Amino acid sequence: MATLAAVIASTHHPFYYKASTAPPEERPPFADEWVAKITAFRETLTRARADVLVMVGSDHFHQLWLDNMPQFLVGKAPFYDANWYNEEREFGLPRMLLRGHEELSSHILRGGLDEGFDLAFSNELRIDHSITCPIITLRPEADLPIVPIYTNIFAPPLPRPARFVELGHSIRRLIETWPSDLRVAVIGTGHLSLELGGPRQFGPHGPDPEFDRKAVEWIASGDIERALAEVTLDSLWTPGNATHGFMDFMLMMGVAGEGAKADYADSLDLFHTMEAYFTWYPNGVPA
Amino acid sequence: MSKYLLNKFLFTVDRDPDLVERYRAAPHETVAWWESTMANELLNCHGGEASTWLAFDDVERDALTGHDYVKLFELGAHPFLTLTLFIAMFERDYEEPLAFQKEYAARLSHFTLPYPDIAT
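Keeping their order, the protein sequence lines are chains A and B. Just so it is clear: in the first sequence, position 95 is 94 by numbering that gives the first Met the number 0, and no numbers are missing. Just so it is clear: in the second sequence, position 91 is 90 by numbering that gives the first Met the number 0, and no numbers are missing.
Extracted from the complex, chain B is given alone in its bound form (with noise of 0.2 Å):
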């Protein structure tokens, strides 16, 4: 299991105007391009430098393509990055201010402390 493959994902898309878009319509499309190109590309370098080691697992991989983040917050996830990503995706299909934060809090509500380890 990579928490830290995880969160490049995260990042990754997050700060792209366009991956957030793409991921938000065709997440299974994005996931499966993104790990066969971007995975193992470390950033800030030419693709001659790339890494060689990175995969998801099945797990990780559902919880991506399934837009899960109740199953990224349980894997360990950096809920910063899962809740930034989100809110752009979906926060514009709720109407009231807040709503679709508000139901994310809701949808987690069965964790107690201690919450997942977020250490990578």
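Looking at chain A on its own, in the form it has when it is part of the complex (with noise of 0.2 Å):
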């Protein structure tokens, strides 16, 4: 069967491909150490070796939209096209093509399917800075084979927390009885508290520090019991009104497992938003 290398779980800040790639006197002061986070981070991956990997995030309003708008979906396609004209715009992201893994895909629709999520699929799904930053940030190289998998976040009604948890634990199901002997890691995006279009969006750290520190230790100790008894979807609004894409946080404890500590956990408290990062190896650290 397939081994589970990896599991990473990411803030994707579409602002670190330009902070990181600017000429020096345009980059922000903060850009070298947010720079040498990233670098310790990406090495987590490496070591793990992985050869395929799962990338959970969410459609920004791109392709998925009001008339036709899936909980959970999946991408089946030989290939990926990624990042849409006003991300280019607003954040300077990059033109990019990922290939994708169709087998994986077939065996996580079929599986999700048969474990009760009703999954939609995508034959032709051009991915956006959920998925492309976390490429950037952890595979800058983007040699390896994707499955995405997007879940919303955004457009109410939502999916409960403990379903995205649910479906994170499916998903390691459905990885360790893949018969295959590649190893994958599985990486997924949210965000800790944020605001966007509102009135608390932009300050000099996220919206509601408080709701940070504690969804950090959360993730950081795999403490799923006390994560599904502080947030619900209304209490969600309170630390910023994006703070939804928590849940594919909180998707990712479900792939780590109940009592599962990170391996390797860090932020760092930027403007608008914190950054941060989780690594657990479930099959052990490698050497």
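To be clear, the hints were calculated from the coordinates, so they are not data collected in a lab. Owing to the predicted nature of the structure, the values given are computational and were not obtained by experimental measurement. Treat the hints with care, as some may be off.
[To be verified] Below, a list of computed lysine-lysine pairs in the DSSO-like style, where the Cα atoms sit at most 30 Å apart: (1) B:K101 with B:K70; (2) A:K36 with A:K17; (3) A:K213 with B:K101; (4) A:K260 with A:K213; (5) A:K17 with B:K101; (6) B:K101 with A:K36.
[To be verified] Computed list of chain B residues with no C-beta within reach of chain A, every gap over 10 Å: (7) F55; (8) V58; (9) G65.
[What the hints assert, rightly or not] Chain B stretches covered by chain A per the calculated footprint, using a threshold of three residues with CB under 8 Å from any CB of chain A: (10) 7 to 20; (11) 82 to 90; (12) 93 to 102; (13) 107 to 118.
Quick reminder that beta carbons are idealized off the backbone N, C-alpha and C, glycines included.
Got two chains here, each in a separate frame; can you build the complex from them with the hints?
So this is what it looks like as structure tokens:
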């Protein structure tokens, strides 16, 4: 069976690419520290020697729209073009092309449906920065095939937090029962407290540092029970109007498992939102 | 009131570089043109399959023609769509980085939780 080589959860800050590639006179003052942290984080994936990446993210009203909105969607295509005009415009993100892994996509779709998740699928999916940001930070060569999984954290009504955790459990089971000798890493990105288009946006740090502190603790300690006890669809409005993206972190906690302490945890307090980086090695820390 | 239609306007304009510039330069003309040609277009379908029932009310139309992002927030337009499009249109008019985004936040500062419902 396939090996779950690493489980990685991260924020997806679209300004990293520009901050890290700008000429010296245009680099923001926090860029060097940010690059150092990302470089260390990248090493946690490199060490896992993954062959294929399952990428959990959320479309930001690019291809998925209110006339036909799936809750959970799995890409099944040989290739994925990436990044959109408005992401080039606002964030300076490059156009990208990633290979797909259709066999693993099929396995996750079939198995997910059989486990009770009515997964939507797409045979032609242009992915956005929720998936390309972690490619840029963790695997800038963009050379590994991917299986994208999109969640709806954006357009109410949303699935409840427990459903994200359950899908994470299911993704792990499906990878561990995939008849393959490949090494699979699951990488998912979400948000800590975040406000977009509201009165608390673009402050000197995230809109709710106390939520961020608790959230980082839940994730790093694998405390799914506490996270589920404190987080509801209603409560997530309080730390910031885009904080429902935290449910993708909860999905990743589901992949890592109840009580699974992260083997690597780091964070960076930036303007606007806190960055956070976590890696688990379910089958032991690679040498 | 149709939050969906407000969102559809923001969504279709934001993804089209020409429409972003047209809406910035001529909001009344762009909104009128959009409502008469695009509002009922079923995305990804040819024109023969258009919808028949979508229209703005006066408050919504005025919010769009006035570039009034505060009103759009109050009406429950999706804040991500509004923010993204308005950054594209107006960030360029400010010298300091993030100055537009900070002014945007300040102009919304009278809103307290719970914010207007964005469910469609």
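Now the hints, each set against the structure:
1. For a cut-off of 30 Å, the pair hint linking K101 (chain B) to K70 (chain B) stands: about 17 Å separates their Cα positions.
2. This hinted pair checks out: K36 (chain A) and K17 (chain A) have alpha carbons roughly 16 Å apart, not beyond 30 Å.
3. Restraint check: the Cα-Cα separation between K213 (chain A) and K101 (chain B) comes to about 27 Å, which is no more than 30 Å; the hinted pair holds.
4. Of the supplied pair hints, the one linking K260 (chain A) and K213 (chain A) holds, its CA atoms being roughly 15 Å apart against a limit of 30 Å.
5. The hinted pair formed by K17 (chain A) and K101 (chain B) meets the criterion: a straight-line CA distance of about 20 Å does not exceed 30 Å.
6. Taking the CA atoms of K101 (chain B) and K36 (chain A), the gap is near 27 Å; set against the 30 Å cutoff, the hint holds.
7. Every CB of chain A is more than 10 Å from the CB of F55 (chain B) (nearest about 16 Å), matching its label as outside the interface.
8. Every beta carbon of chain A lies more than 10 Å from that of V58 (chain B), the smallest distance being close to 19 Å; the non-interface claim holds.
9. The beta carbon of G65 (chain B) sits about 17 Å from the closest Cβ of chain A, which is more than 10 Å, so the claim that it is off the interface holds.
10. Proximity of the region 7 to 20 of chain B to chain A, defined as three or more residues with a beta carbon under 8 Å from a beta carbon of that chain, is established by the 5 residues found.
11. For a cut-off of 8 Å, the count of residues in the region 82 to 90 of chain B with a CB near a CB of chain A stands at 4, and the three-residue condition holds.
12. Only residues whose beta carbon comes within less than 8 Å of a beta carbon in chain A count, and the region 93 to 102 of chain B has 3; three or more means the coverage holds.
13. Evaluation of the coverage hint for the region 107 to 118 of chain B: fulfilled, as 9 residues show C-beta separations to chain A shorter than 8 Å, against a requirement of three.
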